[in-house]
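**Student:** Spelled out from the first residue to the last, the chains are:
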Amino acid sequence: MPKRIFILCVEDEPEVLDAIVKDLSVFEDQFPIETVRSVAEARAAVARIQEAKDALGLVLCDYVMPGDNGVEFLIELYRDPQTATTRKVLLTGQAGLEATVRAVNFANLDFYMGKPWTKEELVGAVRQQLKLYVIAHERELQQYAFLFGDREMAEAMMSKFPGAH
Amino acid sequence: MDTPSPDQERPAPFSSITTDPTTGKEFPEVVATLRERIADGDIAGIVHRFRRGDVIIQEGRYNDAIYLILEGRVHLTKHYGDEDPVPVGMLEAGDFVGLISFYSEESAFSSAQAKTDVITLRLTRDEFGRLPAAQPELAALVQPLIITNLAERYRRIVTLHLEVAALTREVEGERNRLQEALEELRSTRNRLIHQEKMAILGQLVAGIAHELNNPASAMLRGAENLSAMLPDTVDPGSSQLERLLLDLGRTRVVIGTDEQRVRMESLARAYPHIQRSDVRILSQLPDDGIAALTPALKDSSSRAKDRLAALLRWFEIGLFLRNIQVSGNRISNIVQSLRGYSRESKAEIEEVDIGGGIQDTLLMVANRLKSVTVRLDLAELPPVRCHPGEINQVWTNIILNACDAMHDRGTLKVKTMRKGKDEVAVTIADTGPGIPADILPKVFEPNFTTKTASGSFGLGLGLAISNEIVHKHGGSISFHNAPEGGAVCTVVLPLVSDATTSS
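Quick note, the sequences are listed as chains A and B, same order. Going by the working numbering, the first residue of the first sequence is number 1, and it counts up by one from there. Going by the working numbering, the first residue of the second sequence is number 1, and it counts up by one from there.
No lab work stands behind these hints, which were simulated from the structure alone. None of these values were measured; they are calculated from a predicted model. Heads up, some of the hints might be wrong.
Computed from the model, here is a short list of chain B residues facing chain A with C-beta under 7 Å [to be verified]:
(1) V254
(2) R276
(3) S277
(4) N323
(5) V326
(6) S327
(7) K370
(8) S371
No residue lacks a Cβ here, since even glycine has one placed at the ideal position from N, Cα and C.
When you get a sec, could you build the whole thing from the sequences and use the hints?
**Tutor:** What follows is the structure in structure tokens.
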């Protein structure tokens, strides 16, 4: 089975999670989505993904949740070499400046999205982050062309492997 | 040898005191003697008279004589900084003018000015030197007087020091009292500002709650109408199956993440041709829903695939309608609690359901309670006459303090009970570290806070204000540490208090 690149959504409220998954369903053919409702569940999901030798491409994480908060989880992911380059998105209505600065400085946060979001914003941000992930990690970029654009993938291939041209 | 006690009255060593029969003033007897002899030839030559206002000695000038006052009063003044001269003393009959500058031969330390017409005996340096030989009798009169005068001045200086010390103490006491008054004023001002802020906030909250009510109601009604209209309008020929899936979506029960994963895995194994996003949707269907879809699931023809996709869309439509309704209901509940919490913030006495107020408050601070287990033990209580807005502020302060102590995780136990015939008691217990014994007596002091400026926006007024509110209602508030750990706050409120019987 080829290595899969997962999207992990961490959100404690099921109704909000439904909306996120619906918006991200356009990516699911290529990037399977895992949904969890707490940081504890998220840790288990990351362990499963790593055990299956799959990759975690992107984490979309709420901030205030029962148990540990989302920023601490993102920091953990950044410290783990296996998930350090996972693209990290904070999706929250409540993270104040302090928590956000912490996420930027210590979790290498890639994107901050406030609630409520629009489908265009969320899909746009996730597409951009996934694109950066596959360009950095994948050799065969052609398969992602329909998601991220032919030209962009071709250009990325050329800059990655200058000799291939 | 006898040691005389210091307070024992002792006669002046060189001269006795007499009282002027006309003015009632005391002066040495010698002066009376000298007055009588002013006209005598041996003294007349050294008698000097000054008129009221005359300057006898000028500060800073060289002085070559001493003056013994026989009659009248002389004012001493001294320049201090750039100010006008400061009065430093009053000399009367028997006193010497110019004594220090005469002996020290330094420029005069202060100015002497006649306050009345003054009669003096004036002795220049030469005359003074010659006096013992030339007029031994006069010298014998004057010299002891000089010593007495100096001794008197020394006594005055010591007394002055004592007076200064006493004054300094008094000033210090006054300053401390002023400092205390200032601090009290400051904390009163802070408290007033805080109360005013809470009042304004209450009005804003009530206003916003009102404004939110209309869109929330419209949203709820809209979702309900859509649910009823959709099947017939969008797809008039829709079958039982489509309606079933719509209903399943509308009544979807949220399942746990782990359960969902297990269901997704088994569905993916059973129907490998179904894509993951659809498997996720299927995993949320109850068993009878899956059973109803089984024919479509088993058929991998493209027609069956389209049919399945359409049916799953119906489930999703139902699900999102449900989510709108669930969310709309949540907004409505929040709005209701906001209104209950702030009660339009009118400072009116009402019959208040204490348990309801606590529940409204818990919803208001729900954001802080995400990782806190709340155990409610609310007894059936008669309504309490109180200011609902103020009492809710008390619950808020106590609960938020408990959250701070627990770092927002742990267990919060809230219990209400009847206490005797006329009171109710509320205990709020946390599982934090408890309150250190040295801090316990201070928790109700205004401006006392254990939170650093960066950690909290609090002014340290929360408990001080709660204390005030509870006392105003004739109740009591106290903290203790539970034997099993954590702090417990107990609030006792009378059902009816003096403060709440009027208005």
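**Student:** None of the hints should be skipped; say for each whether it holds.
**Tutor:** Status of each hint after checking the structure:
The restraint placing B:V254 at the interface with chain A holds, with a minimum CB-CB distance near 4 Å, inside the 7 Å limit. With a least beta-carbon distance of about 5 Å to chain A, the hint placing B:R276 at the interface is held under the 7 Å criterion. Given the 7 Å rule on beta carbons, the hint for B:S277 holds: about 4 Å separates it from the nearest Cβ of chain A. Using the Cβ-Cβ criterion of 7 Å, the hint placing B:N323 at the interface with chain A is satisfied: the shortest such distance is roughly 4 Å.
A distance limit of 7 Å between C-beta atoms decides the matter here; for B:V326 the minimum to chain A is near 6 Å, and the interface restraint holds. Interface hint status for B:S327: upheld, as the beta-carbon distance to the closest one in chain A is roughly 6 Å, under 7 Å. Using the Cβ-Cβ criterion of 7 Å, the hint placing B:K370 at the interface with chain A is satisfied: the shortest such distance is roughly 5 Å. Hint on B:S371 holds. Least Cβ distance to chain A is approximately 5 Å, under the 7 Å limit.
Violation of the numbered hints given earlier is absent; every hint is satisfied by the structure.
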